[in-house]
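Residue numbers (this note's numbering), protein chains in the order written: chain A, 19 to 374; chain V, 19 to 374.
Mixed in with the good hints, there may be bad ones.
Since the list gives no way to pick out one identical chain from another, each pair is judged satisfied if it fits inside one copy or across any two copies.
[What the hints assert, rightly or not] Derived SDA-like pairs (lysine to any residue); straight-line CA-CA distance at most 20 Å:
hint	residue 1	residue 2
1	LYS371	ALA276
2	LYS125	THR236
3	LYS338	SER60
4	LYS75	PRO106
5	LYS122	ILE244
6	LYS61	SER326
7	LYS338	PRO154
8	LYS338	ARG318
9	LYS269	SER175
10	LYS71	ILE168
11	LYS233	GLY109
12	LYS371	PHE325
13	LYS38	LEU321
14	LYS233	GLU76
15	LYS122	LEU46
16	LYS61	ALA370
17	LYS140	TRP267
18	LYS338	GLY50
19	LYS33	LYS299
20	LYS61	ASP141
21	LYS338	ASP225
22	LYS233	GLN107
Keep in mind that the hints were calculated from the coordinates and are not lab data.
2 protein chains.
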Amino acid sequence: MTKHNFGAGPGILPKQALEKSAQAVLDLNGSGLSILEISHRSKDFDDILAKTKSLVKELLNVPDNYSILFLQGGASTQFAMVPMNLLPQGGKAAYVESGVWASKAAKEAKLFGEVELVASSKDRNFCYVPSGYSIPKDVAYLHLTSNNTIYGTQMSSFPESPVPVVCDMSSDIFSRPVDVSNFDLIYAGAQKNMGPAGVTLVIMKNDICGKAGRKIPTMLDYQTHIDNDSLFNTPPVFPIYVCMATLEWLKEIGGVPAIEKTNKEKAELLYSEIDSNPLFKGTADKESRSKMNVCFLLERPELEESFSSLLKANGIIGLKGHRSVGGFRASLYNALPVSSVEFLVSLMRDFAKSNG
Amino acid sequence: MTKHNFGAGPGILPKQALEKSAQAVLDLNGSGLSILEISHRSKDFDDILAKTKSLVKELLNVPDNYSILFLQGGASTQFAMVPMNLLPQGGKAAYVESGVWASKAAKEAKLFGEVELVASSKDRNFCYVPSGYSIPKDVAYLHLTSNNTIYGTQMSSFPESPVPVVCDMSSDIFSRPVDVSNFDLIYAGAQKNMGPAGVTLVIMKNDICGKAGRKIPTMLDYQTHIDNDSLFNTPPVFPIYVCMATLEWLKEIGGVPAIEKTNKEKAELLYSEIDSNPLFKGTADKESRSKMNVCFLLERPELEESFSSLLKANGIIGLKGHRSVGGFRASLYNALPVSSVEFLVSLMRDFAKSNG
């Protein structure tokens, strides 16, 4: 049975990238060695790292005055590294609380300075993206979360900001064009649209470090990784390789503008079914809906178990909603084909017929 | 041509583990999904994590009052996490400086308290393991490095200590039995004997956190990972899987006592050639010699290029010494077969004949 992977992450990756990566585990480019047993100081890995960086630069149109880093520890480690590096002693940072991950980011910043929550959507369980807030001019930076995986909300545009903007793009990077030059720092755990778990992408302006006025442990200092091109210590070699293979695929199919078109198509298919099918309802406010994570409930919760069984019987994976929202969540990451969404929609229609 | 991988790390892994891992990248246990695209909250990954932990526990005989954690960031991140968590404000820690990695560990500790270097072998470029030093009783812990990859030195035994012992075992863990109960905390980057780059093993007593008296960022607080069983955020799923497959292999061939025997055999083969062949000489003091990394020079440096060509022509990989020692370094990690060492020795003999 074909599996349709709607998981929220680690999520579906392109078959072509998986096959190339499996081959590299057996034998990298006919070298007689596995990608898992080559030195990170080898020519082979130099090429992989350079290629991955250049794909990130090209696909996201990263300006020349930015560094592209491959780190470890996930976005959760960035929650601490950002204020450690960018929030001066006694300084203040502004955070938009658009979900529990944004809250966690703000919590870490409080260890290093003052945090001003400029907006929050906690009042309605984060079912919308805050807007219309004002951004203070006396803060070191504004921290945003572009897509909120748990609640299925996404910033459709970014606010004009008088201060540097830092953005967690873990769950929608590479899904749509962004103007990198509007951000001082972007970070993203790879395990949604970019690759597997175990590597974190950081894209940052070269000159923003060194102003926090505190001693920073070497591995937590962005400058260490800028100066050493992500090779201060052994990087996560294989996760970087899979990112390379995934971004090669993305480039081949037309890059970020092409995938944005497909992602829109998938999201429109599913949202229009949710809106027209009497059995289902979306949880996020319409103007805040995410094109990456589509959260929905059954109008009659007693049908949940039966719908779940139908999904399971048809090879639909990872559709269970996060416990804090309940119901269902379909993640429509780059590698998910339109046909999987069409199939899910057909099941929703069938289900409505049988329970109408 | 068969390749013989003597690389210092990421290093050679067992063929069986590579094949199992490549298969899992294509399809994990017939699930229809790749190991790279499953949720870290899935039953499949729960099983993988539990199995890997139980293999670590069994193979190293880890006592019940210890936690086994799978973190990110390598030993270099542990250099900071250890003092951040274990060195109280205004307190002191003792470090043995047996190489440049030990120095780096001590440097990070200085950010958090006072460091007493109780011994150093820097005077002779770290070609021996310091001994005969006394360990102060007023320090929070003693930090050791069991094996010094760059210089080919290894602690053949550990000092009796009146204070808790923390040990970086990155390059010799699982190569020989150790009595874990003599240590409060052991850490190791996986990429030598345990698996690929991208995961760091920490084995620590459960009750040693929470005494440092400082605020610790969530991801850098060991307690976070103890409380969440390494699942506070997305762990490096695939690197953990490869560790599982590698440790399964180790268990099948007889566990740590069996591999210790093989490792001794390999080291004796190579050291006895170095000592008897007039063209070669070892760099480490004999009583400090590592069974993992064997460093040696040519008596006539002008022959280096010719020896290197011979190695290359015969599929010997990764034998170049670290720039701070020069010459050659043969890493004899667990997965390297005795036959590879026999082959290297035969080449050294041939080389002596042609250049005798």
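To see whether the hints hold, each was checked on the structure:
no.: 1; hint: LYS371 - ALA276; in the structure: neither (35 Å within a copy, 64 Å between copies)
no.: 2; hint: LYS125 - THR236; in the structure: between (22 Å within a copy, 9 Å between copies)
no.: 3; hint: LYS338 - SER60; in the structure: between (43 Å within a copy, 11 Å between copies)
no.: 4; hint: LYS75 - PRO106; in the structure: neither (29 Å within a copy, 43 Å between copies)
no.: 5; hint: LYS122 - ILE244; in the structure: between (26 Å within a copy, 19 Å between copies)
no.: 6; hint: LYS61 - SER326; in the structure: between (49 Å within a copy, 17 Å between copies)
no.: 7; hint: LYS338 - PRO154; in the structure: neither (39 Å within a copy, 56 Å between copies)
no.: 8; hint: LYS338 - ARG318; in the structure: within (16 Å within a copy, 68 Å between copies)
no.: 9; hint: LYS269 - SER175; in the structure: neither (24 Å within a copy, 54 Å between copies)
no.: 10; hint: LYS71 - ILE168; in the structure: neither (29 Å within a copy, 29 Å between copies)
no.: 11; hint: LYS233 - GLY109; in the structure: both (15 Å within a copy, 18 Å between copies)
no.: 12; hint: LYS371 - PHE325; in the structure: within (12 Å within a copy, 77 Å between copies)
no.: 13; hint: LYS38 - LEU321; in the structure: neither (42 Å within a copy, 40 Å between copies)
no.: 14; hint: LYS233 - GLU76; in the structure: neither (34 Å within a copy, 40 Å between copies)
no.: 15; hint: LYS122 - LEU46; in the structure: neither (39 Å within a copy, 32 Å between copies)
no.: 16; hint: LYS61 - ALA370; in the structure: neither (57 Å within a copy, 30 Å between copies)
no.: 17; hint: LYS140 - TRP267; in the structure: neither (38 Å within a copy, 49 Å between copies)
no.: 18; hint: LYS338 - GLY50; in the structure: between (42 Å within a copy, 18 Å between copies)
no.: 19; hint: LYS33 - LYS299; in the structure: neither (32 Å within a copy, 51 Å between copies)
no.: 20; hint: LYS61 - ASP141; in the structure: neither (53 Å within a copy, 33 Å between copies)
no.: 21; hint: LYS338 - ASP225; in the structure: neither (43 Å within a copy, 37 Å between copies)
no.: 22; hint: LYS233 - GLN107; in the structure: both (11 Å within a copy, 15 Å between copies)
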